[in-house]
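Colleague: As a plain string of letters, each chain reads:
Number of protein chains: 2
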Amino acid sequence: MRIGILGYGNLGRGVECAIRQNPDCELTAVFTRRDPSSLKIQTPGVPVYNVADAAAHASEVDVLIICGGSATDLPKQTPEFAKLFNVIDSFDTHARIPEHFAAVDAAAHAAGNCALISCGWDPGMFSLNRLYANCILPEGKDYTFWGKGVSQGHSDAIRRIEGVRDARQYTIPVQEALDAVRSGSQPELTTRQKHTRECFVVLNDGATDADKARVEKEIKEMPNYFADYDTTVNFISMEELQRDHAGIPHGGFVIRTGKTGWNREFDNVIEYSLKLDSNPAFTSSVIVAYARAVFRMKNEGMTGCKTVFDVPPAYLSPLSGEEIRAHLL
Amino acid sequence: MRIGILGYGNLGRGVECAIRQNPDCELTAVFTRRDPSSLKIQTPGVPVYNVADAAAHASEVDVLIICGGSATDLPKQTPEFAKLFNVIDSFDTHARIPEHFAAVDAAAHAAGNCALISCGWDPGMFSLNRLYANCILPEGKDYTFWGKGVSQGHSDAIRRIEGVRDARQYTIPVQEALDAVRSGSQPELTTRQKHTRECFVVLNDGATDADKARVEKEIKEMPNYFADYDTTVNFISMEELQRDHAGIPHGGFVIRTGKTGWNREFDNVIEYSLKLDSNPAFTSSVIVAYARAVFRMKNEGMTGCKTVFDVPPAYLSPLSGEEIRAHLL
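Residue numbers (the working numbering), protein chains in the order written: chain A, 1 to 329; chain B, 1 to 329.
Read the hints as simulated data drawn from the structure, not as lab findings.
Any given hint could be a false lead.
A pair holds if it fits inside one copy or across any two, identical chains being indistinguishable in the list.
[What the hints assert, rightly or not] The calculated DSS-like cross-link candidates involving lysine-lysine, where the alpha carbons are at most 25 Å apart (straight line), are:
#, residue 1, residue 2
1, K148, K275
2, K148, K194
3, K194, K275
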């Protein structure tokens with residue numbers, strides 16, 4: 001299977017690594033908005049093209065993995081490139097999934113291509129686990145916890161505060177809340193009860209104690225991002241940030257508890273969790289497995305937009321049905 | 001969707017409970033090898049038929065859930081009834097799945113019916129999680145732990161020992177082994193290192209200390225069942241057994257750890273776990289969700305034998321694609 005990458009940031013580089021771990025996949029093209037001659041990729045011998053020339057290279061790629069951002073890139077790129085390629089993206093603005101789905105579905109159908117959106121771990125593997133658990137336990141309650149992990153959006157929000165040179169924000173699930181959920185008691189939890197936020201902030205040179213106090217106050221009172229959480233702010237040096245906070249770890253928990261039995265007398269806990277040293281490397285690994293599924297679906301004549309909910313699990317595997325039944329069932 | 005139950009034991013009764021929790025499902029027939037007039041079921045107004053008369057009632061059932069045992073019932077029943085019904089079973093003899101699949105596939109194809117075998121949690125949800133995790137992390141290692149839970153097979157093995165009136169055996173995962181796996185160190189674990197076995201045994205009246213010593217020795221040295229494990233044997237009264245060990249709890253953990261990154265520098269842990277007050281009630285709940293999928297596949301013209309690997313997750317849900325994308329993705 002010949003894979004193309006559109007956008008060579010953290011996610012694009014992760015896809016490049018994941019392809020290397022899947023012998024049936026080959027990276028055949030990277031598309032960039034930058035000057036292609038300025039881009040140095042890790043895989044030897046793979047051409048880098050300007051995204052404007054993508055149409056000319058459509059025949060070199062079986063599935064194009066679109067590695068842009070959800071805010072402005074993907075709503076435009078995924079429908080556009082679904083006219084030329086089978087495509088897959090990691091669109092993660094949950095509230096806008098229906099409209100993104102409709103746009104991609106129309107484009108992919110019209111072109112006879114197969115597309116899959118919102119792939120990764122949330123949306124993605126977490127969504128799948130929510131669906132399976134809901135179908136198995138119709139009478140129950142869902143909980144999703146994130147972390148411990150770096151939130152890029154929250155880190156960026158801190159960086160926009162005046163006087164901040166760099167920052168890293170960790171989202172941390174509250175252990176007592178996890179324990180309460182696992183007990184089966186189906187607690188109602190507020191935003192504050194579920195997660196705490198821990199910030200590591202580097203101030204500009206010459207910052208005073210008054211600057212620290214102001215930045216800490218601005219962080220803790222920031223609406224949507226921090227105001228509803230118990231937030232800790234630590235001021236550290238650039239050296240400490242680079243030494244101790246260079247990674248992009250993440251993870252989380254999807255838990256559903258529910259009742260079975262004639263009189264609902266039995267408690268059940270279904271839990272799925274991830275602990276990831278690198279969020280983009282794992283997301284990319286999920287996407288490459290689903291790229292295999294997109295290629296198979298296209299080869300079976302399916303067109304239009306799909307999500308992880310539509311894909312038979314066997315389509316993710318390079319092994320045959322006989323092999324997975326014999327070894328994994 | 002009209003569901004029939006074949007075999008009214010623990011699993012059949014669990015299916016009856018699960019149907020009650022799914023408003024789009026209706027129990028329309030129970031088939032038994034016993035005298036139908038002797039069988040009292042919980043759902044009012046549902047006919048009980050002798051299994052010998054099943055053919056005459058095929059039109060009353062959309063999906064037949066076959067609730068027999070894997071040792072001798074299912075290898076015979078599932079292919080036989082796949083000639084008359086869309087069927088689903090919980091065949092769990094892992095080593096014989098390929099031959100069972102082939103027999104059911106041939107029968108279902110010939111009759112134009114849809115069948116699904118080996119449904120439940122292991123095989124079933126655990127298998128799915130093994131498959132997904134293997135596809136996402138091609139370079140890694142799988143671990144499955146069971147328990148804490150009652151093993152019917154091991155309890156039965158103890159009951160067959162001379163002088164034993166009743167017994168309950170719990171399989172318990174070793175916490176240190178779980179911790180070692182979750183660390184990502186990919187340990188090689190022996191059978192003994194992964195699980196312990198705890199037995200509660202009621203002896204016949206008048207048993208002596210010598211009887212106790214003999215029974216304990218026979219249990220601990222029993223090949224396949226106990227010899228490879230650290231086993232604890234507790235002698236208790238019938239009253240204690242009935243008071244403290246009446247339930248059939250179970251559960252377990254499927255964990256895959258693996259590497260991502262250009263130089264495999266990132267560790268990842270994917271974990272799925274279940275904690276179930278009643279093993280048969282949960283297994284039944286999984287089966288009823290998959291019965292919905294079998295009915296949909298049949299309505300789309302699919303025939304032959306399927307497993308959980310072949311079923312698009314959306315087919316398990318009573319909700320539409322739009323609804324699950326909007327609320328669960």
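Colleague: None of the hints should be skipped; say for each whether it holds.
Modeller: Taking the hints in turn, this is what the structure says about them:
Taking the shortest alpha-carbon separations for K148 and K275, both the intra-copy value of 8 Å and the inter-copy value of 23 Å come in at or below 25 Å. Taking CA atoms no more than 25 Å apart as the test, K148 paired with K194 passes inside one copy only; the shortest distance there is 12 Å, against 28 Å between copies. Taking the shortest Cα distances, K194 and K275 sit within 25 Å of each other both inside one copy (18 Å) and across copies (22 Å).
Violated hints for the displayed structure: none, as all numbered hints are satisfied.
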